[in-house]
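> As a plain string of letters, each chain reads:
Number of protein chains: 2
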Amino acid sequence: MAKQPKSAISPTRAEDYPEWYQQVVKAADLAENSDVRGCMVIKPWGYAIWENIQKNLDARFKATGHENAYFPLFIPMSFLEKEAEHVEGFAKECAVVTHHRLEPDPAGGLRPAPSAELQEPLIVRPTSETIIGATFARWVESHRDLPILINQWANVVRWEMRTRMFLRTTEFLWQEGHTVHATEEEAVAETRQMLDVYADFAENVMAMPVIKGEKTSGERFPGAVATYSIEAMMQDRKALQAGTSHFLGQNFAKAQEIKFQNVAGELEHAWTTSWGVSTRLVGGLIMTHADDDGLIVPPKLAPAQVVLLPIYRNEEEAAKVLPYVEELKQELEAQEYAGEPVRVKVDNRDMRGGEKKWQWVKRGVPIRAEIGPRDVAEDGVFVSRRDLGGKGQGTPRGEFIQRISATLNGIQQGLFDRAAKARDEVTVRIDDLDEFKEFFTPQNEDHPEIHGGLAYCHFVDTPEIEETLKKLKVTVRCVPIDGDDEPGTCLFTGQPSEKRAVFAKAY
Amino acid sequence: MAKQPKSAISPTRAEDYPEWYQQVVKAADLAENSDVRGCMVIKPWGYAIWENIQKNLDARFKATGHENAYFPLFIPMSFLEKEAEHVEGFAKECAVVTHHRLEPDPAGGLRPAPSAELQEPLIVRPTSETIIGATFARWVESHRDLPILINQWANVVRWEMRTRMFLRTTEFLWQEGHTVHATEEEAVAETRQMLDVYADFAENVMAMPVIKGEKTSGERFPGAVATYSIEAMMQDRKALQAGTSHFLGQNFAKAQEIKFQNVAGELEHAWTTSWGVSTRLVGGLIMTHADDDGLIVPPKLAPAQVVLLPIYRNEEEAAKVLPYVEELKQELEAQEYAGEPVRVKVDNRDMRGGEKKWQWVKRGVPIRAEIGPRDVAEDGVFVSRRDLGGKGQGTPRGEFIQRISATLNGIQQGLFDRAAKARDEVTVRIDDLDEFKEFFTPQNEDHPEIHGGLAYCHFVDTPEIEETLKKLKVTVRCVPIDGDDEPGTCLFTGQPSEKRAVFAKAY
Numbered sequence: 001m002a003k004q005p006k007s008a009i010s011p012t013r014a015e016d017y018p019e020w021y022q023q024v025v026k027a028a029d030l031a032e033n034s035d036v037r038g039c040m041v042i043k044p045w046g047y048a049i050w051e052n053i054q055k056n057l058d059a060r061f062k063a064t065g066h067e068n069a070y071f072p073l074f075i076p077m078s079f080l081e082k083e084a085e086h087v088e089g090f091a092k093e094c095a096v097v098t099h100h101r102l103e104p105d106p107a108g109g110l111r112p113a114p115s116a117e118l119q120e121p122l123i124v125r126p127t128s129e130t131i132i133g134a135t136f137a138r139w140v141e142s143h144r145d146l147p148i149l150i151n152q153w154a155n156v157v158r159w160e161m162r163t164r165m166f167l168r169t170t171e172f173l174w175q176e177g178h179t180v181h182a183t184e185e186e187a188v189a190e191t192r193q194m195l196d197v198y199a200d201f202a203e204n205v206m207a208m209p210v211i212k213g214e215k216t217s218g219e220r221f222p223g224a225v226a227t228y229s230i231e232a233m234m235q236d237r238k239a240l241q242a243g244t245s246h247f248l249g250q251n252f253a254k255a256q257e258i259k260f261q262n263v264a265g266e267l268e269h270a271w272t273t274s275w276g277v278s279t280r281l282v283g284g285l286i287m288t289h290a291d292d293d294g295l296i297v298p299p300k301l302a303p304a305q306v307v308l309l310p311i312y313r314n315e316e317e318a319a320k321v322l323p324y325v326e327e328l329k330q331e332l333e334a335q336e337y338a339g340e341p342v343r344v345k346v347d348n349r350d351m352r353g354g355e356k357k358w359q360w361v362k363r364g365v366p367i368r369a370e371i372g373p374r375d376v377a378e379d380g381v382f383v384s385r386r387d388l389g390g391k392g393q394g395t396p397r398g399e400f401i402q403r404i405s406a407t408l409n410g411i412q413q414g415l416f417d418r419a420a421k422a423r424d425e426v427t428v429r430i431d432d433l434d435e436f437k438e439f440f441t442p443q444n445e446d447h448p449e450i451h452g453g454l455a456y457c458h459f460v461d462t463p464e465i466e467e468t469l470k471k472l473k474v475t476v477r478c479v480p481i482d483g484d485d486e487p488g489t490c491l492f493t494g495q496p497s498e499k500r501a502v503f504a505k506a507y
Numbered sequence: 001m002a003k004q005p006k007s008a009i010s011p012t013r014a015e016d017y018p019e020w021y022q023q024v025v026k027a028a029d030l031a032e033n034s035d036v037r038g039c040m041v042i043k044p045w046g047y048a049i050w051e052n053i054q055k056n057l058d059a060r061f062k063a064t065g066h067e068n069a070y071f072p073l074f075i076p077m078s079f080l081e082k083e084a085e086h087v088e089g090f091a092k093e094c095a096v097v098t099h100h101r102l103e104p105d106p107a108g109g110l111r112p113a114p115s116a117e118l119q120e121p122l123i124v125r126p127t128s129e130t131i132i133g134a135t136f137a138r139w140v141e142s143h144r145d146l147p148i149l150i151n152q153w154a155n156v157v158r159w160e161m162r163t164r165m166f167l168r169t170t171e172f173l174w175q176e177g178h179t180v181h182a183t184e185e186e187a188v189a190e191t192r193q194m195l196d197v198y199a200d201f202a203e204n205v206m207a208m209p210v211i212k213g214e215k216t217s218g219e220r221f222p223g224a225v226a227t228y229s230i231e232a233m234m235q236d237r238k239a240l241q242a243g244t245s246h247f248l249g250q251n252f253a254k255a256q257e258i259k260f261q262n263v264a265g266e267l268e269h270a271w272t273t274s275w276g277v278s279t280r281l282v283g284g285l286i287m288t289h290a291d292d293d294g295l296i297v298p299p300k301l302a303p304a305q306v307v308l309l310p311i312y313r314n315e316e317e318a319a320k321v322l323p324y325v326e327e328l329k330q331e332l333e334a335q336e337y338a339g340e341p342v343r344v345k346v347d348n349r350d351m352r353g354g355e356k357k358w359q360w361v362k363r364g365v366p367i368r369a370e371i372g373p374r375d376v377a378e379d380g381v382f383v384s385r386r387d388l389g390g391k392g393q394g395t396p397r398g399e400f401i402q403r404i405s406a407t408l409n410g411i412q413q414g415l416f417d418r419a420a421k422a423r424d425e426v427t428v429r430i431d432d433l434d435e436f437k438e439f440f441t442p443q444n445e446d447h448p449e450i451h452g453g454l455a456y457c458h459f460v461d462t463p464e465i466e467e468t469l470k471k472l473k474v475t476v477r478c479v480p481i482d483g484d485d486e487p488g489t490c491l492f493t494g495q496p497s498e499k500r501a502v503f504a505k506a507y
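Top to bottom, those sequences are chains A and B.
For the first sequence, the numbering used here begins at 1 and goes up steadily by one.
For the second sequence, the numbering used here begins at 1 and goes up steadily by one.
Hints listed in this document are in silico derivations from the structure and should not be mistaken for laboratory results.
Treat the hints with caution; some may be incorrect.
Any copy, or any two copies together, can satisfy a pair, since identical chains are not distinguished.
Stated by the list, open to error - Calculated pairs, DSS-like style, for lysine-lysine (alpha carbon to alpha carbon, straight line, at most 25 Å): (1) K26 - K62; (2) K345 - K62; (3) K259 - K26; (4) K505 - K437; (5) K55 - K391; (6) K345 - K55; (7) K357 - K62; (8) K62 - K329; (9) K259 - K470.
Construct all of the structure, not just a fragment, from the sequences and the given hints.
Encoded structure:
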């Protein structure tokens with residue numbers, strides 16, 4: 001007897017989590033691998049989610065006084081050399097442009113033209129601190145020119161050896177904020193402000209609970225004085241760094257000669273910050289909310305919040321159903337959710353009803369409404385909520401419309417609550433090293449993946465404990481900003497500790 | 001005696017048009033040259049104009065059924081070889097990635113690591129027909145999968161030898177539409193539809209009159225069956241190709257194996273199109289509307305449509321002026337223009353009033369309103385329109401607010417009318433070769449730049465006339481779609497001609 005599939009996605013999360021992830025990306029039409037190693041094609045449904053992420057974040061950046069600009073894709077090789085830690089961090093994995101012309105190869109095909117070799121190779125930007133810093137050095141003369149608050153939406157390239165769609169790709173899309181300030185205090189405040197913007201966006205728009213914290217010295221951005229991050233917990237008990245905000249001190253200002261004349265007329269080096277989130281957020285969205293039937297998109301990010309599926313078998317039924325559906329669409333669009341008209345899509349493609357319905361299940365549209373002749377006769381709709389699963393239920397049309405905003409809000413909040421509960425269930429405090437080791441070691445032979453989570457432990461930031469962590473494949477995620485301040489003893493060194501850090505296996 | 005500057009921009013258009021262009025780009029804070037050869041930095045004011053261009057076009061693309069997606073920055077070298085004309089067109093000017101790592105150079109500094117040479121070089125996309133076509137080949141199986149209507153917002157790189165900000169840069173930003181159809185008719189209709197979208201956008205949003213037409217065989221996109229363009233006339237009597245739409249026939253479908261099963265169950269090659277506009281549009285905007293005082297931005301694209309400039313000399317005056325200005329801002333923002341709230345900026349920076357005012361003149365904000373204590377006392381504002389120049393005038397507050405939408409509309413229409421008039425004044429029909437040569441030869445020794453324009457002439461599309469045109473530095477811009485169809489005689493060959501083409505010197 002053939003095995004009955006339990007779910008739309010095969011394998012399930014319990015059967016093979018990494019493969020489940022790839023299958024959700026595929027089934028939800030989010031992205032696919034391209035013909036270029038490590039680069040993905042972001043398909044329309046995946047890109048529409050990214051556009052909503054962009055739109056929401058962009059409004060938040062502008063509301064906090066930032067302006068968008070655009071800087072070159074290429075960075076002269078010599079620019080990377082100016083900041084010693086920075087070159088160490090990025091030179092090993094970058095795409096290098098060496099020629100500016102192809103010519104016919106005598107052996108057949110094409111080749112880079114030897115006569116068109118660049119005097120200085122160019123790097124495809126892995127991040128833009130160096131090229132933007134060189135620009136800022138021209139823009140800044142006086143304290144009156146400060147602060148400079150700039151954001152860029154762009155593609156960047158890091159030559160990753162092991163890639164996974166959205167989570168780690170050779171080329172990815174992101175935004176990078178770059179700011180210049182007259183004082184250390186202002187720059188630190190900016191760094192923390194943007195961390196708050198990211199955390200608020202993650203929790204209230206993506207419905208993804210996050211921990212805000214500071215990275216330890218070994219995990220800092222190359223060249224930064226302090227790196228802050230938001231850390232989310234995925235369903236496989238691994239953490240995901242979902243956004244970072246860096247206080248760069250005067251390091252880049254000194255490397256790039258960003259100086260200003262202060263009120264007293266003296267020349268000073270400025271203080272800079274940088275902060276970014278990327279298409280990796282889509283990976284976080286999947287691993288926070290998707291289930292064994294595919295993606296679930298929180299209403300605030302859903303390209304369509306409601307999909308209407310007309311059902312009819314002949315022209316006569318179509319003549320009843322289609323105008324009813326069109327009117328319903330307009331009535332729904334007249335409603336608002338989160339300050340915008342409700343986003344409604346009618347899917348009237350000529351294909352099997354079951355197949356069509358499952359496409360939208362897998363893509364994660366929050367609400368599906370099927371409408372057949374009987375629904376029209378009863379002035380109703382057959383409504384299914386993606387987050388609840390199950391069969392759906394008949395609902396009077398008026399009630400459906402009137403409650404649509406509240407329903408979407410309930411879904412948004414419900415997704416957050418569910419994710420927060422899942423995270424809390426795998427969050428522990430550990431004060432004993434053996435217990436720590438046990439927590440991060442598989443215990444269940446059938447399900448070796450079920451172990452670990454978020455462990456809050458006392459800790460002193462020294463390199464010597466890295467050996468222990470490395471063996472367990474555990475990392476320090478961050479020292480939480482909002483954590484308790486009670487003193488204790490470092491789990492690894494026995495030294496006195498002021499605060500707990502969060503430990504987890506991670507992407 | 002020192003020479004009194006006549007205008008904010010020096011030199012003026014009449015004195016040195018190319019240098020005037022560079023100075024407007026600088027004075028309006030649009031962009032600047034970067035540390036990377038041929039690449040520019042787009043500054044916040046320039047980028048905000050580009051964002052408005054994007055937003056408006058994106059809505060038009062979506063309204064015509066297109067979805068956004070994202071494809072890789074890199075194209076494997078072998079992909080270029082598949083379409084013979086295409087490789088001819090782009091191989092000579094492309095950035096080639098050959099290595100994926102840098103390492104310390106024994107001679108000092110860094111070098112591309114010899115051990116990290118790519119097996120196959122990658123090209124930074126100059127345009128994406130080949131990589132997108134390869135993707136589409138995977139997406140298309142049946143006639144039910146068609147049409148595919150995709151757009152991408154992206155950066156592209158063409159290694160130009162002579163660059164000029166916005167008009168021709170090594171890296172530029174653009175959108176590229178790529179569509180696949182089951183029939184030739186549909187693909188041709190798509191090509192023409194998108195040309196219409198571009199023309200309508202150019203005229204009704206950019207206030208830039210354009211001629212829609214088909215390119216001659218020598219000017220086609222490499223690999224296209226037919227290329228259509230919109231052509232605008234700049235103030236220096238040179239034409240600017242402002243957007244193109246290509247009917248690619250089955251050329252790329254054959255090169256990339258894009259096949260579908262038709263209704264009869266047979267495999268057919270599909271029909272494809274592509275179409276694009278770029279940051280070059282900002283160059284067209286400048287050369288259509290800017291004057292010797294700097295940029296003039298049409299209201300529909302202006303990041304700020306009204307700038308409010310509070311004027312006060314002490315705290316007491318500030319206490320009167322600032323709340324009045326804030327209230328005025330809110331009242332203006334409650335008004336709508338072109339379906340959106342009026343965009344208002346208050347500039348309360350601490351700098352000399354004259355300098356501040358001239359910044360906004362040079363940036364081209366449509367309306368400036370200065371407000372000092374006397375204006376507050378009289379419940380008025382001192383209003384200046386950028387398009388009219390001159391000193392401005394006192395206006396009752398209520399009238400200013402109530403008429404703001406009509407005023408912006410008048411400016412938008414006035415800019416279009418002025419540009420159309422300027423174009424018509426340099427547009428001629430020519431039926432004699434000597435007259436043609438005279439038209440395109442400088443006549444005025446003091447102003448050699450004042451000659452030429454748009455010449456409508458009978459013409460047969462053969463390569464042999466190119467010698468004549470080359471000597472005069474004249475090009476065929478296009479064969480206008482909306483032109484008269486009366487038959488005539490080719491100016492160059494004496495052969496019978498069905499239609500006139502438009503000739504001009506061009507960017």
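> Each hint needs a verdict: does it hold in this structure or not?
Against the structure, the hints come out as follows:
1. Taking identical chains as interchangeable, the C-alpha atoms of K26 and K62 lie at most 25 Å apart only when they sit on different chains, with a minimum of 24 Å there against 34 Å within one chain.
2. Proximity of K345 and K62 under a CA criterion of 25 Å is satisfied inter-copy only: 13 Å between copies versus 30 Å inside one chain copy.
3. In the homo-oligomer, the alpha carbons of K259 and K26 lie at most 25 Å apart only across protomers (22 Å), although the nearest pairing inside one protomer, at 49 Å, exceeds that limit.
4. In this assembly of identical chains, the alpha carbons of K505 and K437 lie at most 25 Å apart only when taken from the same copy (12 Å versus 76 Å across copies).
5. For the homomeric pair K55 and K391, neither the shortest alpha-carbon distance inside one copy (34 Å) nor that between copies (40 Å) is at most 25 Å.
6. Taking identical chains as interchangeable, the C-alpha atoms of K345 and K55 lie at most 25 Å apart whether they share a chain (20 Å) or sit on different chains (21 Å).
7. Taking the closest pair of Cα atoms, K357 and K62 come within 25 Å of each other only across two copies (24 Å); inside a single copy the shortest separation is 39 Å, beyond that limit.
8. In the homo-oligomer, the alpha carbons of K62 and K329 lie at most 25 Å apart only across protomers (18 Å), although the nearest pairing inside one protomer, at 32 Å, exceeds that limit.
9. Taking the shortest Cα distances, K259 and K470 never come within 25 Å of each other, neither inside one copy (41 Å) nor across copies (51 Å).
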